[in-house]
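Asker: Spelled out from the first residue to the last, the chains are:
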Amino acid sequence: MSGTSVEIQGLSKSFDNHQVLKNLSFDIRSGEFFSILGPSGCGKTTLLRIIGGFEEEDSGVVLLDNVDMKNYPANKRKTNTIFQSYALFPHLTVYENIAFPLKIKKMTKPLIKNEVEKYLNMVKLSGYEKKYPKELSGGQKQRVAIARALINQPGILLLDEPLSALDAKLRQHMLVELDSIHDQTGITFIYITHDQHEALSVSDRVAVMNEGKILQIGTPSEIYESPKDAFVADFIGETNFIEGIVQEKGGKFAKLYSETLKTMIEFDMDQSVEIGDKVKLTIRPEKIRVKRENPQKTSSQHFNILKGKVDEIIYHGFQSKFFIDINGFILKAFKPHLSYFEESERIGWKEEVYFWWDADDSFLVEVSK
Amino acid sequence: MKEKKKISFVFFIFTLLFFYLPLLVLVIYSFNEGKTMKWTGFSFHWYEELFTRSKELWNAFENSIIIALLSSLASTVIGTLGAIGIYWYRFRHKKLIQTVSYLPLMLPDIIIGISLLIFFAGIGLNLSLTTIFIAHTTFNIPYVLFILIARLQEFDYSVIEASYDLGAKEKDTLLKIILPIIKPGIIAGFLMAMTLSLDDFVITFFVSGPGSSTLPLHIFSMIRFGVSPVINALAVILIAATAFLALLSKNMQKYIYQS
Amino acid sequence: MKKNYGTIYSLPLSVWLAFFFIGPTLIIFLYSFLKKSPFGGVERSFSLDAFAFLFNPTVLQIAWMTLYISIAVAVITLFLALPTAYFMAKSRYKDSLLLFIIIPFWVNFLIRIYAWIAILGNNGFINNFLIQTGLVSDNFQFLYNPYAVVLITVYTYLPYAILPLYSTIEKFDFGLLEASKDLGATHFQGLKKIFIPGIKSGIYTAFLFTFIPALGSYAVPQLVGGTSSMMLGNVIAREIIITRNFPLASAISLILSLLTIIGILVFMKKNENEKKAVK
Ligand SMILES: Nc1ncnc2c1ncn2[C@@H]1O[C@H](COP(=O)(O)OP(=O)(O)OP(=O)(O)O)[C@@H](O)[C@H]1O
Ligand SMILES: [Mg+2]
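Residue numbers (the numbering used here), protein chains in the order written: chain C, 1 to 369; chain P, 1 to 259; chain G, 1 to 279.
Calculated directly from the structure, the hints in this document are not laboratory data.
Please note that the accuracy of each hint is not assured.
[Stated by the list, open to error] Within a straight-line C-alpha distance of at most 25 Å, the following computed BS3-like cross-link-like pairs (lysine-lysine) qualify:
1. P/K176 <-> C/K106
2. C/K130 <-> P/K183
3. C/K76 <-> P/K169
4. P/K171 <-> C/K113
5. C/K109 <-> P/K171
[To be verified] To be clear about the criterion: a stretch of chain C counts as covered by chain P if any three or more of its residues have a C-beta under 8 Å from a C-beta of chain P, and this derived list gives those stretches:
6. 77-90
7. 354-361
Since the model is a prediction, treat every value here as computed from it, not as a measurement.
Each residue gets a CB set at the ideal place from its N, CA and C atoms; glycine is no exception.
In isolation and in its complexed conformation, chain C is listed as follows (with noise of 0.2 Å):
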């Protein structure tokens, strides 16, 4: 079985004079788990059932396997799709509800056994095959949804949010349990989710999509570690942003002149900037380490070091969570507890603390003349 690859070129599709998706253009390798993370209502279930034939795009075309899907319905699609609400048959046992597209094939009865056992094992469920959906836990009906689903052998598996009913932990099981089956069958797998860890966690790309745009496709550290964009940056993972105007450059870095720090910061140009341009910065809050003194320059000659009060501190397990006040501008800043009960390294509310970062760790997200 090997997973079919899409091709998504200018595709766009208005409700009521409401743009949802606006000109994409896209492709999905096979076999690929892609997973599209974006805020509620930015059109991620419109594409996703325009790419399942749900919907009809206004124009645009969706290939799969190279073949334009005009005038193909939803049935004659190599997709199968796992609803976010599930959508088992009501009336219909488990075994049954796995049966259907095979009896609808009007495969042989011996045939259909054979197969839905050994999909019903693939999801863990044997034992269950005369209980119906209302019989059925959370999990355990997203499992007879995946084993329906997959039963066809699709070349893709759509998933819109298929885990957003399930409480943490067993979210957390799924998603492991959705990659294996992933690896076992080599479908492309196109993941929905409002869920950023289960995007990095287990997808080979993640596009993030904002109001019927895709924003950025990239692999899970690509996007976390350089967002190209402000919205990106913030969406994904928590972030600090700081505004200056370019001063001075030269080489790889530059200095902006922040007015709310009221002072320079150093940076990596990742793109070329001018002096004078408007800029916006963003560093991811575990970039930024804190403590009681001064560290003093080190060798990468490269840091911008900052002086502070802690506003905050939020107590997080395995971190904490800083809220530094500088000027009365606040920066986060997160603290892994390697050693969290020897007390010189533990910082008390309202002390004045130093921080720094890489000036490799920040990236440019916005660049305006």
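Starting from the known structure of chain C, arrange chains P and G with the ligands on it as the hints suggest.
Answerer: Just chains P and G with the ligands now, kept in the frame of chain C:
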């Protein structure tokens, strides 16, 4: 809270008595020997009369059953298909069709009755069991439609999409998914239509012709001549049948909705 | 994709209703503007005679009587139904109580009317009882007046009002009442300011479910009303069956339909406002 509860309890008991006392009087007097509402002694006389010497009444009853079965069947088929069309598809004038379908629910019976009467007269259709069947089907359709659309709304549309997604075509989706899911609604609609059809007097009154009496029409003609102990006996039979069916349907509902 | 199947599925429905509902309704509309033929049908010439006849004092008087009876029925029904439904909704045995209320509702409509004739009629149960006990010497006429029509119509329509009230009261969050007491409201204030507004849609529905059918009453006034409490339904029937004045019957039907539709529209508007207010 206590006070309020007491007052509402009094009202409830009053309502129950209000409902049941008149029926109780009928039950008691059905065993009266005499012909009037004056108690003269116990007797099964009027039951005997009802079962052995009331040929017309039983004819009318037979007509009622036939009409009820046929019109419920017709309205259930039409209403079910209509509900599926209206609920699951997008098409032109859908909203209009739905609104118009509910209108007969709202218009007074007498208007439906006389408009059909004038219509039948206009197209030259003689009043008979056929016209009664048409009339009953017409007023039953909106009820069936209403029940089924309510039933459909309880369901997740994605179930239908899942069926298409898994390779089923229109026909399989209808037969294997949609119909089984709404089966309890179909049964409920059919029973509702039966009840309404058996009970209807006003509309039937206008669209029935000579020789096409139904049970309510027959009862009407008997009531017009005042108190008749045969009606008392009939009333008791009908009340017993109603109570039996009510209990049965209550248990059946449990059964239907469980599966 | 699957657009056209909807039309196919609803085709029998559309055709049936077009023929047997819209057609006949339009005919009534048309007939009310035609001239009565001396032989009982209509002539194909435009005329407002029927509408003019509506302003005849007897017809007006019957129209008033109809309105008066219908309002009385709706108000009394509501008055009885509200506490009854309240008790049922708060009871531990809701389901059984509901069944108790529904069973008489399923007993044939005419039998329910007949029961009252057997009780209140000139030779009925009460008259017999009164004479036997020697309280009165002559039959007392309980029936054949507007009060009898109201009483028996209330009897037949009461469940229509209890059921919608019951279902709204059952959904009402009684925590709100406790909260209002907690905030210092008396029990009565709580009922008036929280409970009644909270179940308003049920009250409107109950009113509508009794008022509208009462407007179109035919059987009850026919059987127990006598000449003093004729309603519009009886006039329509008389014009159709006896006088054979189809245009007049049509015109009255038209007015009655309009009243009904206006009633429903007002109700829907109110209900919508309620919903908005809740949001
Ligand atoms: N059938 C429809 N008719 C009209 N508008 C629609 C329809 N489906 C979606 N929309 C609108 O399109 C926009 C995008 O909806 P979509 O369901 O694709 O969002 P989403 O990204 O999946 O959101 P969520 O994360 O909340 O599921 C929303 O504004 C929604 O209101
Ligand atoms: Mg969605």
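Asker: Does each hint fit the structure? Answer for all of them.
Answerer: Status of the hints after comparison with the structure:
Among the hinted pairs, P/K176 with C/K106 is consistent with the structure: their alpha-carbon atoms are about 14 Å apart, no more than 25 Å. Proximity of C/K130 to P/K183 is assessed by CA-CA distance (about 21 Å); at most 25 Å being required, the pair is judged to hold. The hinted pair formed by C/K76 and P/K169 meets the criterion: a straight-line CA distance of about 10 Å does not exceed 25 Å. The suggested pairing of P/K171 with C/K113 holds, with an alpha-carbon distance near 24 Å, which does not exceed 25 Å.
For the given pair, C/K109 sits about 21 Å from P/K171 by alpha-carbon distance, which is consistent with the 25 Å threshold. Restraint check on the stretch 77-90 of chain C versus chain P: 10 residues with Cβ-Cβ distances below 8 Å, three needed, restraint holds. Coverage of the stretch 354-361 of chain C by chain P is violated in this model, with 0 residues showing a Cβ closer than 8 Å to a Cβ of that chain against a need of three.
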